[in-house]
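For the record, the sequence lines run as chains A and B.
Sequential numbering of the first sequence, starting at 29, is according to this note's numbering.
Sequential numbering of the second sequence, starting at 2, is according to this note's numbering.
Read the hints as simulated data drawn from the structure, not as lab findings.
Owing to the predicted nature of the structure, the values given are computational and were not obtained by experimental measurement.
C-beta atoms are modelled at their ideal positions from N, C-alpha and C, and glycine is treated no differently.
Treat the hints with care, as some may be off.
[Claimed, not checked] For lysine to any residue, the following SDA-like pairs were computed, each having C-alpha atoms within a straight-line distance of at most 20 Å:
no.: 1; chain 1: B; residue 1: 109; chain 2: B; residue 2: 131
no.: 2; chain 1: B; residue 1: 316; chain 2: B; residue 2: 376
no.: 3; chain 1: B; residue 1: 354; chain 2: A; residue 2: 141
no.: 4; chain 1: A; residue 1: 50; chain 2: A; residue 2: 39
no.: 5; chain 1: A; residue 1: 178; chain 2: B; residue 2: 423
no.: 6; chain 1: A; residue 1: 234; chain 2: A; residue 2: 36
no.: 7; chain 1: A; residue 1: 158; chain 2: A; residue 2: 128
no.: 8; chain 1: B; residue 1: 206; chain 2: B; residue 2: 230
no.: 9; chain 1: B; residue 1: 190; chain 2: B; residue 2: 174
no.: 10; chain 1: B; residue 1: 78; chain 2: B; residue 2: 100
no.: 11; chain 1: B; residue 1: 376; chain 2: B; residue 2: 291
no.: 12; chain 1: A; residue 1: 36; chain 2: A; residue 2: 270
no.: 13; chain 1: B; residue 1: 146; chain 2: B; residue 2: 190
no.: 14; chain 1: A; residue 1: 158; chain 2: B; residue 2: 357
no.: 15; chain 1: B; residue 1: 109; chain 2: B; residue 2: 85
no.: 16; chain 1: B; residue 1: 206; chain 2: B; residue 2: 402
no.: 17; chain 1: B; residue 1: 337; chain 2: A; residue 2: 147
no.: 18; chain 1: B; residue 1: 337; chain 2: A; residue 2: 159
no.: 19; chain 1: B; residue 1: 316; chain 2: B; residue 2: 357
no.: 20; chain 1: B; residue 1: 337; chain 2: A; residue 2: 48
no.: 21; chain 1: B; residue 1: 354; chain 2: B; residue 2: 291
no.: 22; chain 1: B; residue 1: 190; chain 2: B; residue 2: 155
no.: 23; chain 1: B; residue 1: 337; chain 2: A; residue 2: 36
no.: 24; chain 1: A; residue 1: 158; chain 2: B; residue 2: 155
no.: 25; chain 1: B; residue 1: 337; chain 2: A; residue 2: 206
no.: 26; chain 1: B; residue 1: 337; chain 2: A; residue 2: 50
no.: 27; chain 1: B; residue 1: 354; chain 2: B; residue 2: 418
no.: 28; chain 1: B; residue 1: 266; chain 2: B; residue 2: 196
no.: 29; chain 1: B; residue 1: 171; chain 2: B; residue 2: 155
no.: 30; chain 1: B; residue 1: 206; chain 2: B; residue 2: 338
no.: 31; chain 1: B; residue 1: 337; chain 2: A; residue 2: 128
no.: 32; chain 1: A; residue 1: 48; chain 2: A; residue 2: 297
no.: 33; chain 1: B; residue 1: 109; chain 2: B; residue 2: 159
no.: 34; chain 1: B; residue 1: 210; chain 2: B; residue 2: 386
no.: 35; chain 1: A; residue 1: 158; chain 2: B; residue 2: 341
no.: 36; chain 1: A; residue 1: 158; chain 2: A; residue 2: 124
[Stated by the list, open to error] If the Cβ cut is set under 10 Å, some of the chain B residues that face chain A in the computed set are:
no.: 37; residue: 41
no.: 38; residue: 332
no.: 39; residue: 342
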Amino acid sequence: MIAGLSYKDQSPEVSARFDKLKARPELLEISSLYKIFDSKAGEVVALQDIDLTVHRREFMCVLGQSGCGKSTLIRILAGLETPTSGEVLVDGVPVIGPGRDRGMVFQSYTLFPWLTVKQNVMYGPRMAGKSDITNEGEARQWLALVGLDKFEDSYPHQLSGGMKQRAAIARALANEPRILLMDEPFGALDPQTRQQMQAYLLQIWKNVDITIFFITHDLDEAIFLSDRILVLDPRPGRVREVVEVPVPRPRDHEQLRCPEFLATKAHLETIIHPEDSNEKPSFDKLPMGRMTDVGDNVE
Amino acid sequence: MKSKTRSRWWAVRKDLEHSRASLLMALSFILPLAIWCIAAYGPWWDVAYQVTIPAESSRLQSVYSAGDRLPPETWSKVNTALLDDNAEILAARESGTPATGSTRQNKKVLRKLHPLAFTNGWLARDQEIDDTAIRGTWIKLADGKLDDSKEPVTAENMRIVKANVEMLAKAEDGWPKESLLNLMPQSIKEYARPVYLVPPDVVAKSFWKGITASNPDAGESGSERKTLLQRYGESWRTIVLGFLLAIVVAIPLGVLAGTYDLVSKLAEPFVNFFSYMPAPAFGVVLMAMFGLDLGPKIMLVFLGTLPSAILTISKTTRGLDGSLLEAAQTLGANQKQLITTVVIPGILPNLYKDLRLLFGTAWTWLVIAELLGFKSGLSEIIDTHGRRFQFDIVYPAILMIGLSGFFMDQILAYLARYFFPWTDQPKKGFIGRFFSGISGLSGMPRLIKPSRPAPADALTKSIAS
């Protein structure tokens with residue numbers, strides 16, 4: 029498509045960056061993970077033999093069509109579901125249930141509506157039994173980081189969607205997790221807010237020692253945010269490919285048109301919608317006549 | 002931006018304007034009242050005269066005694082007859098040849114006052130033929146020493162009383178030989194409505210009398226009678242105790258059942274089955290267990306409220322957004338903390354709503370409960386007076402139950418916005434408008450600042466910074 033440039037061609041800077049990244053300690057290790065659901069129709073294999081390693085401070089995206097098991101994967105990482113077999117290690121410790129070392133941000137915000145924004149952010153440390161005086165000071169700092177310091181005493185229902193999600197990110201970060209699990213966090217936002225939130229998340233990621241595991245079905249979002257993209261095939265959910273994103277950092281939305289970006293996107297499109305290319309419906313040959321009297325031809 | 006065009010009255014799932022909504026809310030009470038008034042005061046009920054001073058005359062075929070109800074034409078015939086009688090007596094007196102009247106006849110004339118004297122409390126019921134006492138009453142009445150506020154004596158009859166007492170005085174201790182003047186018949190004008198159709202004014206008067214009466218009326222049977230307000234207090238005591246007892250049991254059980262499948266499976270099937278057995282059916286058992294006084298009444302309200310309370314509360318608890326629990330878990334909350342910091346605060350607004358509804362249904366149980374053992378409360382009034390067809394006393398009691406339930410619910414609904422400022426508040430109800438009207442008038446500071454959605458550009462600004 030773009031003359032000569034493949035998604036595998038990395039500029040020397042990007043290549044050096046990846047070398048540095050891979051030299052970092054492994055934070056998340058997923059080995060031969062299976063998840064099988066029992067349903068009336070029989071067994072459904074949601075995840076099949078997933079192997080993955082995520083390094084510290086890496087930004088990892090999981091991309092896949094709906095039903096490819098990406099939500100199941102992140103829920104297993106969070107400890108909200110147990111795998112049928114296989115193992116997940118975070119910092120070398122096996123995951124056996126939900127824990128403070130893995131913060132999670134849900135698509136549906138899940139802020140506690142009865143707590144103010146500040147109290148929401150203080151929730152995790154409070155559960156850990158930390159003193160409220162330090163919690164409050166730290167909560168203010170986290171809220172300042174996500175730009176919500178003026179809304180600390182508002183209730184969630186008074187905030188817009190983007191603000192709610194920023195509060196949810198602050199709440200997860202306030203617990204100082206090793207890894208931040210994000211399950212399509214910007215899926216419910218309008219495109220403009222979404223772009224802002226993406227830029228925002230990268231800023232936070234830069235300033236906080238955190239590894240991010242991010243689920244999305246939006247190609248642009250995945251390429252824009254991540255170091256590597258895990259592409260899952262649907263039914264059964266298994267690893268199709270792990271793509272190293274050649275787009276240099278720091279990134280901004282102007283790069284949505286740069287050649288590395290377009291090459292990566294073109295590649296992702298071919299591996300994500302393979303069957304679509306065969307069964308593409310041809311709309312120009314629909315078997316129908318004109319339904320109404322049409323005056324001018326729009327074309 | 003305000004649009005001048007008015008919205009339509011009939012529009013699917015569209016709210017009406019404020020003024021129209023208020024009008025309709027007022028009408029929803031005015032219309033039933035109007036129907037009641039039309040039914041009660043409409044021209045279709047026959048007029049009848051209930052006799053309070055009896056009438057007897059040689060011109061009439063029958064004797065009309067107190068309590069008889071006469072149609073208008075008979076009533077006027079009776080009046081004319083007695084007028085003629087009296088005119089005859091007076092004419093004879095003036096012509097110098099007064100009509101002679103036997104002592105027996107004159108005593109009979111005086112006795113006609115008895116029913117009215119009894120109603121006014123001047124004479125006892127059994128003094129019907131106690132001529133000395135009756136004669137004394139006549140004299141006292143003529144002297145203006147008697148209070149006829151309950152059943153007044155007409156001015157015309159007062160003249161007759163005075164004239165007759167003059168004659169009696171002339172006769173000193175004996176009885177006059179002349180004919181005394183007949184008392185003109187008196188009556189209360191009535192409408193022959195069915196007994197259950199009590200007109201609004203009568204109910205209102207009876208209601209007012211009930212809530213203003215300070216000392217208990219002397220009962221006809223001699224037993225001590227309690228005022229409407231005392232009965233009302235008893236009802237509140239029963240319902241509050243029974244309801245509190247029920248929710249003290251139901252809230253922990255319901256929350257646990259909604260949280261733990263173990264408790265749910267263990268408790269709910271039986272509770273569900275139990276709720277199909279109407280609580281009043283256990284009335285006799287409760288009386289055997291708790292005696293005849295307050296005990297069985299409280300326990301019936303308890304028993305009636307409990308099963309539905311458990312089921313509703315567990316359902317509400319289950320309705321809590323599960324993702325909140327997951328979020329709390331990923332933030333490090335343990336099992337105990339999940340209940341204390343997520344489940345309980347999370348269900349509070351809905352739990353409050355449930356309790357409001359349950360309290361409403363508790364009034365139903367109350368009415369039956371109060372009839373167990375020694376009757377008490379408003380149901381005693383309803384039952385006792387209802388059996389005697391005294392619906393003018395029954396309706397105020399029923400009305401008090403309705404008003405209490407209604408206002409209690411409205412006030413609680415209004416208070417919810419102060420208890421749970423984080424919830425999206427529903428539109429103000431009837432009472433809410435009333436209260437906000439009051440607080441607006443007196444300039445009372447609002448307890449809680451009205452919630453305002455965050456300005457949309459705040460996000461852009463904070464991103465840009």
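Okay, the hints, checked on the actual structure:
no.: 1; hint: B:109 <-> B:131; in the structure: holds (11 Å)
no.: 2; hint: B:316 <-> B:376; in the structure: violated (36 Å)
no.: 3; hint: B:354 <-> A:141; in the structure: holds (17 Å)
no.: 4; hint: A:50 <-> A:39; in the structure: holds (17 Å)
no.: 5; hint: A:178 <-> B:423; in the structure: holds (18 Å)
no.: 6; hint: A:234 <-> A:36; in the structure: violated (25 Å)
no.: 7; hint: A:158 <-> A:128; in the structure: holds (13 Å)
no.: 8; hint: B:206 <-> B:230; in the structure: holds (15 Å)
no.: 9; hint: B:190 <-> B:174; in the structure: violated (38 Å)
no.: 10; hint: B:78 <-> B:100; in the structure: violated (23 Å)
no.: 11; hint: B:376 <-> B:291; in the structure: holds (14 Å)
no.: 12; hint: A:36 <-> A:270; in the structure: holds (11 Å)
no.: 13; hint: B:146 <-> B:190; in the structure: violated (27 Å)
no.: 14; hint: A:158 <-> B:357; in the structure: violated (38 Å)
no.: 15; hint: B:109 <-> B:85; in the structure: holds (18 Å)
no.: 16; hint: B:206 <-> B:402; in the structure: holds (17 Å)
no.: 17; hint: B:337 <-> A:147; in the structure: holds (19 Å)
no.: 18; hint: B:337 <-> A:159; in the structure: holds (19 Å)
no.: 19; hint: B:316 <-> B:357; in the structure: holds (15 Å)
no.: 20; hint: B:337 <-> A:48; in the structure: violated (44 Å)
no.: 21; hint: B:354 <-> B:291; in the structure: violated (32 Å)
no.: 22; hint: B:190 <-> B:155; in the structure: holds (14 Å)
no.: 23; hint: B:337 <-> A:36; in the structure: violated (51 Å)
no.: 24; hint: A:158 <-> B:155; in the structure: violated (88 Å)
no.: 25; hint: B:337 <-> A:206; in the structure: violated (25 Å)
no.: 26; hint: B:337 <-> A:50; in the structure: violated (41 Å)
no.: 27; hint: B:354 <-> B:418; in the structure: holds (12 Å)
no.: 28; hint: B:266 <-> B:196; in the structure: violated (53 Å)
no.: 29; hint: B:171 <-> B:155; in the structure: violated (24 Å)
no.: 30; hint: B:206 <-> B:338; in the structure: violated (58 Å)
no.: 31; hint: B:337 <-> A:128; in the structure: holds (16 Å)
no.: 32; hint: A:48 <-> A:297; in the structure: violated (28 Å)
no.: 33; hint: B:109 <-> B:159; in the structure: holds (18 Å)
no.: 34; hint: B:210 <-> B:386; in the structure: holds (15 Å)
no.: 35; hint: A:158 <-> B:341; in the structure: holds (17 Å)
no.: 36; hint: A:158 <-> A:124; in the structure: violated (24 Å)
no.: 37; hint: 41; in the structure: violated (50 Å)
no.: 38; hint: 332; in the structure: holds (4 Å)
no.: 39; hint: 342; in the structure: holds (7 Å)
In terms of the numbered hints stated before, the structure departs from hints 2, 6, 9, 10, 13, 14, 20, 21, 23, 24, 25, 26, 28, 29, 30, 32, 36, 37, listed from lowest to highest.
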